Structures are given as structure tokens and as C-alpha cells.
Amino acid sequence: MQIEHVYTFKGIPRNIVWETIQDKEVLQKALPGCKVFEEVEENKYHSVLGINIGPIKGEFTADVQQLDMEEPEAYRLLVKAKGKPGEIDADAAMQFEETAEGTVLTCIAEVQITGLLASIGQRVIGGVAKVVIGQFFKDVDKETKKAA
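This note's numbering numbers the first residue of the sequence shown as 278 and each following residue consecutively.
Derived from the structure by calculation, the hints contain no laboratory data. All of these numbers come straight from a predicted model, not from anything done at the bench. Backbone N, C-alpha and C define an ideal beta-carbon position, used for all residues, glycine too. Careful, some of the hints might be misleading.
Once the Cα atoms are required to be at most 30 Å apart in a straight line, the calculated DSBU-like pairs of lysine-lysine come out as [what the hints assert, rightly or not]: (1) Lys287 <-> Lys321; (2) Lys301 <-> Lys419; (3) Lys361 <-> Lys422; (4) Lys287 <-> Lys361; (5) Lys419 <-> Lys359.
Per label pair, the in silico range of CB-to-CB distance [said to hold, decoys possible]: (6) Arg400 <-> Asn329: 17 to 23 Å; (7) Gly403 <-> Lys287: 21 to 27 Å; (8) Glu296 <-> Leu393: 36 to 42 Å; (9) Glu374 <-> Gly331: 28 to 34 Å; (10) Glu348 <-> Ser396: 38 to 44 Å; (11) Gln412 <-> Ile385: 29 to 35 Å; (12) Lys301 <-> Glu347: 18 to 24 Å; (13) Ser396 <-> Lys423: 38 to 44 Å; (14) Met278 <-> Glu347: 23 to 29 Å; (15) Ala395 <-> Gly288: 39 to 45 Å; (16) Lys423 <-> Asp340: 17 to 23 Å.
Sequences and hints are given; from them, build the entire structure.
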């Protein structure tokens, strides 16, 4: 399943968005239900998330890795998450574009799901994913305004 999300950080330069989205404390605050977010290696993190959105409820442990970093333009994000409701395996391309309006961040993710999550259906999962991603970017946006 492919999920695409575009978010505009209005009036915020690309380098500020890049630096903010690399900050571990910002990421922990912005990830919904994040209980743990710790760096285990450079650009590799372990996290525990409590998700309670619609039919998706439960705790997930996740390994998150940033690859192919091209500061401040792009990177790849790999996420492997496991929980009672199932497993999520995502490979996302994160693209940062500076425009006259601000920084446009485009996230295009290829997501594979198993278990109960898969039985819920792609439309429901896609909708929940968009809510989670949208909230994440809104929370990062608040932090960029503090940094700008």
C-alpha cells in the first residue's frame, strides 16, 4: 500500500525544518503516543508507541532508521513496528523543497501490514496513517516555529 502526504511549513526555511526533524526530543514529542524514543546507533532509533485511533489500539515497538541522508534535501526512513494488532513495515522517501511559501515536505511511503491490521483493510489503515502523519507534521511545525 502506498501512502503519500505533503505538508507545508509556512515561512520556515528548509534548513530549520531539517534540523528540527532530526532532533530526538522533537521526534519523541511529535510521534503520537510515544513512550520511548532512544538512539541505538547513529540515525537508528528504538521506540515504543501507544496507538489508540479508531480500530487500531495497542502498543507497538518500532525500529526506525534514517538512510541515504542528503542534507537538507532528502532522506529515506525505514520503520519496522510490531504490536498485538500486527506488524508494519514501511519504507518512506522524505523530500524537503524550499519554496516562496516555506518548506514543502513530501513523504511517499510504501507500507506493508500483517495480522489484525491487514484484516481491517487498506482504506481504514490508510486513513489512520494519514491522521497520524498529519498530526506528526503539525507537531513538528510547532517546534520549527520555536527554532526559527
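Going through the hints against the structure:
no. : hint                          : result
1   : Lys287 <-> Lys321             : holds, 29 Å
2   : Lys301 <-> Lys419             : holds, 15 Å
3   : Lys361 <-> Lys422             : violated, 36 Å
4   : Lys287 <-> Lys361             : violated, 38 Å
5   : Lys419 <-> Lys359             : holds, 29 Å
6   : Arg400 <-> Asn329: 17 to 23 Å : holds, 19 Å
7   : Gly403 <-> Lys287: 21 to 27 Å : holds, 26 Å
8   : Glu296 <-> Leu393: 36 to 42 Å : holds, 38 Å
9   : Glu374 <-> Gly331: 28 to 34 Å : holds, 31 Å
10  : Glu348 <-> Ser396: 38 to 44 Å : holds, 40 Å
11  : Gln412 <-> Ile385: 29 to 35 Å : violated, 18 Å
12  : Lys301 <-> Glu347: 18 to 24 Å : holds, 20 Å
13  : Ser396 <-> Lys423: 38 to 44 Å : holds, 41 Å
14  : Met278 <-> Glu347: 23 to 29 Å : holds, 26 Å
15  : Ala395 <-> Gly288: 39 to 45 Å : holds, 40 Å
16  : Lys423 <-> Asp340: 17 to 23 Å : violated, 28 Å
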